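Position one of the sequence shown corresponds to residue 1 (the numbering used here), numbered consecutively onward.
Since the hints were derived computationally from the structure, they do not count as laboratory data. Check each hint, because a few of them may be wrong.
Claimed, not checked - PhoX-like, lysine-lysine: derived pairs with alpha carbons at most 25 Å apart:
hint : residue 1 : residue 2
1    : K238      : K212
2    : K206      : K36
3    : K17       : K36
Here the structure is a predicted model, which means the values were calculated and not measured.
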Amino acid sequence: MLDLLTDPGQRMHELAKRLFPLNRSLTGEGIRESLKILQEAMPDMTLTEVPSGTQVNDWVVPEEWWITEASIQTLDGRTLVDFADCNLHVVGYSESVDAVMSREELEPHLHSLPSQPDAIPYITSYYERRWGFCLSENQRQALGHGPFRVRINAGHVDGSLTYGEVLIPGDLEDEVFLSSYLCHPSMANNELSGPVVMAATYQWLKTRPKLKYSYRMFLGPETIGAIAYLSRHQDVLKSRVRAGWVLTCLGDDRSYSFLPSRLGGTLADRISEEVLSGRDHRTFSYLDRGSDERQWCAPGVDLPVCSVMRSKYGTYPEYHTSLDDLSFVSPAGLQGGFDVLVECLSTLEDRPRWRSLVYGEPQLGKRGLYSTLSNIGSAMSARPLLNVLAYCDGNHDVNELVSLTGMSGFQVAEALDVLAREGLICET
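Between the sequences and the hints, there should be enough to build the whole structure, so can you do that?
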């Protein structure tokens, strides 16, 4: 197994460096090769193929896209833009083209960022057929008037969408869900930091002598991969997942970011907020969502999933450009992303929480815990027990019970001892 835990930051960066050049898209060999490399670090990961044309909820799995070469050249053979130099140079899922055209004819097919003249933008057209080139604004201005020889050798074939999954069993069937995605070409923070942190987290989980929860990990193309996975596993996920995190944008050296679940307040939300409270971070709204939390938290699905990131996608200038490279992602940044996730999972694993074993309110009187003679104030003696029991839903630890009830830590601990002794609650 590829070791990621000896100097994790450096090892994760080396793994990202191997993955960086591969031309990934929603489907095809780029994502398969990437998943096979990640299997070296996560040997339990199994790969599943979902055929093109498969209906997955409201979506359809697209055809596979392949590309071998693409360029813009002068008629005397001088290459101005070359896919071989950077796989961001071609609009994702482009059709083939082989033509001589003027600058005026070529111009509608060019994409650049005037505000970032050195950056090549990442552009895709997954669900509508077109072709195009992405280039820096500086390159665009230097193209000249043409005419140009324009070539893209690419195509679409029936194939399949590929995703990977891992299930690490714990003492409980209750699951923690970790998801990340692989569907973009060479962008390090947006594309690769999540998968490499997931791989290191997999190895960290494997080193623990005991796991309370079971851990389910998903790696696939963003959006359509998550939808395909939900179409096959939604019932299991809804019944078992207690907490979850989307792993993305975990590798830069800037501050941290938190994006809550759709309605907030889940176990994962509360743990994330606690872990980040001691770090420089920015909290976003679910309205700022943009990754697979859109699928996991969608109405009717409502998995308790949130995101802890370094710089949130869409907020840093390097996002979805060639500037999101291996110099933007650092070993120290990846180490910080890994450390935050591990702290979240450690908090989840190591802090006991309690769950009521009785449906509804238990009868305390027959246990000698509530006065059998009703008079003014008779209920007050049992109020501490009932207040603690009111939040024994398996989601709250001692610190949260203290905060919710207004009782002291000693009073909460005393109430938990009584309730456990009477068989009314159990630790989860």
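25 Å limit on alpha-carbon distance, applied to hinted pair K17 and K36 = Roughly 15 Å between the alpha carbons, so the hint for K17 and K36 holds.
Has the given pair, K238 with K212, been kept, meaning a C-alpha gap of at most 25 Å?
-> Satisfied, since the Cα-Cα distance of roughly 19 Å is no more than 25 Å.
Pairwise hint evaluation, K36 against K206, where the allowed Cα distance is 25 Å at most = Roughly 19 Å between the alpha carbons, so the hint for K206 and K36 holds.
Going through the hint list in order, the structure satisfies each hint without exception.
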